[in-house]
Amino acid sequence: DQQVKQNSPSLSVQEGRISILNCDYTNSMFDYFLWYKKYPAEGPTFLISISSIKDKNEDGRFTVFLNKSAKHLSLHIVPSQPGDSAVYFCAANGNTGNQFYFGTGTSLTVIP
Amino acid sequence: DVKVTQSSRYLVKRTGEKVFLECVQDMDHENMFWYRQDPGLGLRLIYFSYDVKMKEKGDIPEGYSVSREKKERFSLILESASTNQTSMYLCASSGAGGAYEQYFGPGTRLTVT
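Line by line, the protein sequences give chains A and B. Under this note's numbering, the letters of the first sequence match residues 26 to 137, in that order. Under this note's numbering, the letters of the second sequence match residues -13 to 99, in that order.
Check each hint, because a few of them may be wrong.
To be verified - DEER-style ranges, computed between Cβ atoms:
1. B:Glu65 / A:Asp80: 30 to 40 Å
2. B:Thr97 / A:Pro34: 21 to 31 Å
3. A:Asn52 / B:Ser53: 25 to 35 Å
4. A:Asn32 / B:Thr72: 38 to 48 Å
5. A:Pro34 / B:Met13: 42 to 52 Å
6. A:Pro104 / B:Phe6: 44 to 54 Å
7. A:Arg42 / B:Ser66: 45 to 55 Å
8. A:Arg86 / B:Lys(-11): 22 to 32 Å
9. A:Tyr64 / B:Ser(-6): 39 to 49 Å
10. A:Gln124 / B:Lys(-11): 14 to 24 Å
11. A:Asp80 / B:Lys43: 43 to 53 Å
12. B:Gly26 / A:Ser53: 35 to 45 Å
13. A:Lys30 / B:Glu48: 36 to 46 Å
14. B:Ser(-7) / A:Lys30: 24 to 34 Å
Said to hold, decoys possible - To give an idea of the chain B side of the interface with chain A (calculated C-beta under 8 Å), a few residues:
15. Gly2
16. Met13
17. Asn17
18. Phe34
19. Gly91
20. Pro92
Said to hold, decoys possible - No more than 25 Å apart at the CA atoms, straight line, and that leaves these computed lysine-lysine pairs for BS3-like:
21. B:Lys(-11) / A:Lys62
22. A:Lys30 / A:Lys79
23. B:Lys4 / B:Lys39
24. B:Lys4 / A:Lys30
25. B:Lys57 / B:Lys43
26. A:Lys81 / A:Lys30
Simulated from the structure, these hints should not be mistaken for lab results. The beta-carbon is built from N, C-alpha and C at its ideal position, and this holds for glycine as well.
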């Protein structure tokens, strides 16, 4: 059963606007969350993370928001750039375990 | 910079062949992972290892085995390749415990004919 879900397989956004990618999880024991970006024919690269003790983490144009009560996190990209076009995966981990659980990915297209 | 390398970018094998995929990391990470990525299914964990000679099954271990004889190297073995194992295989490593990001290799696109 999928413990981390990304319900939008794709998203298109105009350059300069905000991109919002969403992720839901079911396991309340998860306490560390990550976003990865993946270009075709490359491995995923780490983008940004958030611990469950926070509800927001920013890194430049990227901000991750965590709503623990709703078991929901989102990635905001502002402003979006054509180079941001990629597949984005969210992942979750419980602090006592080593296994990461990944969502199915959202393909973001930023239109120039 | 962490570097995770995989032995091949592209591989074509025949049904029934034994296939070895090698992964090496250079950051002295305790944990290493093998995933496969398929369209619409995301990244699914095959096996992971948290120490030399230690391994844990992931979500889809059937048809696969692994070997970790040295800390920096983690091998994935397809005992008898089948066409449904055609996929992108990704290796990753991370520090011990949960609050560390994983670093991924470039992937191996395996085609079984």
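Structure-based check of all given hints:
1. Distance hint check: the CB atoms of glutamate 65 of chain B and aspartate 80 of chain A are about 46 Å apart, inconsistent with the given range 30 to 40 Å.
2. For threonine 97 of chain B and proline 34 of chain A, the hinted distance range of 21 to 31 Å is satisfied, since their beta carbons lie about 24 Å from each other.
3. Between asparagine 52 of chain A and serine 53 of chain B the CB atoms are about 30 Å apart, so this pair conforms to the stated range of 25 to 35 Å.
4. Remark: the range hint 38 to 48 Å for asparagine 32 of chain A to threonine 72 of chain B is contradicted by a beta-carbon distance near 27 Å.
5. Against the hinted window of 42 to 52 Å, the Cβ-Cβ separation of proline 34 of chain A and methionine 13 of chain B comes to about 33 Å, which falls outside the hint.
6. The beta-carbon spacing between proline 104 of chain A and phenylalanine 6 of chain B, approximately 45 Å, falls within the hinted interval of 44 to 54 Å.
7. Our hint of 45 to 55 Å for arginine 42 of chain A and serine 66 of chain B holds, since their Cβ atoms are close to 50 Å apart.
8. Our hint of 22 to 32 Å for arginine 86 of chain A and lysine -11 of chain B holds, since their Cβ atoms are close to 26 Å apart.
9. A beta carbon spacing of about 19 Å between tyrosine 64 of chain A and serine -6 of chain B contradicts the range 39 to 49 Å that was offered as a hint.
10. At roughly 23 Å, the beta-carbon separation of glutamine 124 of chain A and lysine -11 of chain B lies within the given 14 to 24 Å, and the hint holds.
11. Checked against the hint of 43 to 53 Å, the pair aspartate 80 of chain A and lysine 43 of chain B fails, with Cβ atoms roughly 34 Å apart.
12. As the Cβ distance of glycine 26 of chain B to serine 53 of chain A is approximately 27 Å, the hint placing it in 35 to 45 Å is violated.
13. At about 24 Å, the beta-carbon gap between lysine 30 of chain A and glutamate 48 of chain B misses the expected band of 36 to 46 Å.
14. Range check, serine -7 of chain B to lysine 30 of chain A: about 33 Å between beta-carbon atoms, so the 24 to 34 Å window is met.
15. Because the smallest distance between the Cβ of glycine 2 of chain B and any Cβ of chain A comes to about 27 Å, over 8 Å, the interface hint for this residue is violated.
16. For methionine 13 of chain B, the shortest C-beta to C-beta distance to chain A is roughly 13 Å, which exceeds 8 Å, and the interface hint is violated.
17. Given the 8 Å rule on beta carbons, the hint for asparagine 17 of chain B holds: about 5 Å separates it from the nearest Cβ of chain A.
18. Here the hint on phenylalanine 34 of chain B is kept, as its CB sits about 6 Å from the closest CB of chain A, short of 8 Å.
19. For the restraint placing glycine 91 of chain B at the interface with chain A, the shortest Cβ-Cβ distance is roughly 5 Å, inside the 8 Å limit, so the hint holds.
20. Taking 8 Å as the C-beta cut-off, the interface hint given for proline 92 of chain B holds, the closest approach to chain A being about 5 Å.
21. With a C-alpha separation of about 17 Å, the suggested pairing of lysine -11 of chain B with lysine 62 of chain A holds against the 25 Å cut-off.
22. For the suggested pair lysine 30 of chain A and lysine 79 of chain A, the alpha carbons sit about 21 Å apart, so the restraint of at most 25 Å is met.
23. Of the pairs offered as hints, the one joining lysine 4 of chain B and lysine 39 of chain B holds, with about 21 Å between alpha carbons and a cut-off of 25 Å not exceeded.
24. For the hint linking lysine 4 of chain B to lysine 30 of chain A, the alpha-carbon distance of about 34 Å lies beyond 25 Å, and the restraint is violated.
25. Simply put, lysine 57 of chain B and lysine 43 of chain B have alpha-carbon atoms about 18 Å apart, close enough for the 25 Å limit, and the pair holds.
26. Of the pairs offered as hints, the one joining lysine 81 of chain A and lysine 30 of chain A holds, with about 20 Å between alpha carbons and a cut-off of 25 Å not exceeded.
Consistency with the previously given hints fails for numbers 1, 4, 5, 9, 11, 12, 13, 15, 16 and 24, ordered from lowest to highest.
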